[in-house]
Amino acid sequence: MADLIIRHGGRPTVVASMQETPLSDNREALAFVDSLRKGQVDTVVFLTGVGAKTLAESVAGECSITELVQLLDRCTVIVRGPKPAAVLKSWGVRIDGRAAEPNTWEELLPELERLDAVQDRCVAVQEYGVPNDVFYDAIAQRGGRVMPVPVYRWSLPEDTRPMEQGIRDTVAGVFDVLLFTSAHQLANVLAVAERLGLQDAWRQSAASCLVGSVGPTATSALQSAGLRVDIEPAHPKMGPLVRETILEAISRTRPPSSPGAR
5 MADLIIRHGG RPTVVASMQE TPLSDNREAL AFVDSLRKGQ VDTVVFLTGV GAKTLAESVA
65 GECSITELVQ LLDRCTVIVR GPKPAAVLKS WGVRIDGRAA EPNTWEELLP ELERLDAVQD
125 RCVAVQEYGV PNDVFYDAIA QRGGRVMPVP VYRWSLPEDT RPMEQGIRDT VAGVFDVLLF
185 TSAHQLANVL AVAERLGLQD AWRQSAASCL VGSVGPTATS ALQSAGLRVD IEPAHPKMGP
245 LVRETILEAI SRTRPPSSPG AR
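Add 4 to the 1-based position in the sequence shown for our numbering, that's all there is to it.
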């Protein structure tokens, strides 16, 4: 991201705000494999690429990748975006459906219905970080039975000092633009700001910045926290987020042309 920001004329400060931590207890992943073997799973939804990889690694002692692919081929397989699709393709898994952009859980629902993969079906969902209860409720409302498959969780970075400094710099008015690429980033920022006794000050300072969000999920989290979102690109990718936000920031700082000026 830093290179993208520099390329578009910005001065980046990139701070890690979370890390993926595999679950030490893989009982639910093994239970998922057992259910696949028994033919009890009809549909499998992969939400993230790292989650797909972590799932395979967590069951590797009990289920080879070859067997896992064979088991998945008995099911309807749906992916949320290009990253899980790339992982499954590398394994040779058949992919039956893909969510349209912006690749949120809401775009998964039409695919589930189109493929007749939800009503009276057991739908296994590879979780990413935290359970998505709203998505699970939507599946249940359509007659599906949800089997959550947690494989990792989001946690704070081991070293939070850069994050703490970023929060202090925001409060000090150092930044013109704040970019968010994940809903959970905000949760961690607010938690650390609260620990520093700076959450209210951070919120006030963030309100004076131009805020860019990579997509609807991050936007929803920001708005739920009472923060204004100025830019959300049509395509939920890093490049459009950086480009569109910096262009907007430049347009806001450029003095208006005087009448008749050429």
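Because the hints were derived from the structure by calculation, they are not lab data.
Wrong hints could be hidden among the right ones.
Calculated cross-link-like contacts (lysine-lysine; reagent style DSS-like; alpha-carbon spacing at most 25 Å) [what the hints assert, rightly or not]:
hint	residue 1	residue 2
1	42	87
2	241	87
3	42	241
4	42	57
5	93	57
Using C-beta positions, here's what the derived DEER-type ranges look like [as the list claims (entries may be wrong)]:
hint	residue 1	residue 2	range
6	152	123	29 to 37 Å
7	6	177	17 to 25 Å
8	16	147	54 to 62 Å
Backbone N, C-alpha and C fix where the C-beta goes; we use that ideal spot for every residue, glycine too.
Hint by hint, here is what the structure shows:
For the suggested pair residue 42 and residue 87, the alpha carbons sit about 28 Å apart, so the restraint of at most 25 Å is broken. Between residue 241 and residue 87 the CA atoms are separated by roughly 12 Å; this keeps the pair inside 25 Å, and the hint holds. Under the criterion of a C-alpha separation no larger than 25 Å, the hint pairing residue 42 with residue 241 is inconsistent with the structure, at around 39 Å. For the proposed pair residue 42 and residue 57, the alpha carbon gap of about 22 Å is at most 25 Å, so the pair holds.
Note on residue 93 and residue 57: the hinted pairing holds, with a Cα-Cα distance of about 12 Å set against a maximum of 25 Å. Taken as a hint, the range 29 to 37 Å is violated for the pair residue 152 and residue 123, whose Cβ atoms sit roughly 19 Å apart. Between residue 6 and residue 177, the C-beta spacing of about 21 Å keeps the proposed range 17 to 25 Å intact. Between residue 16 and residue 147 the Cβ separation comes to about 47 Å, which falls outside the hinted range of 54 to 62 Å.
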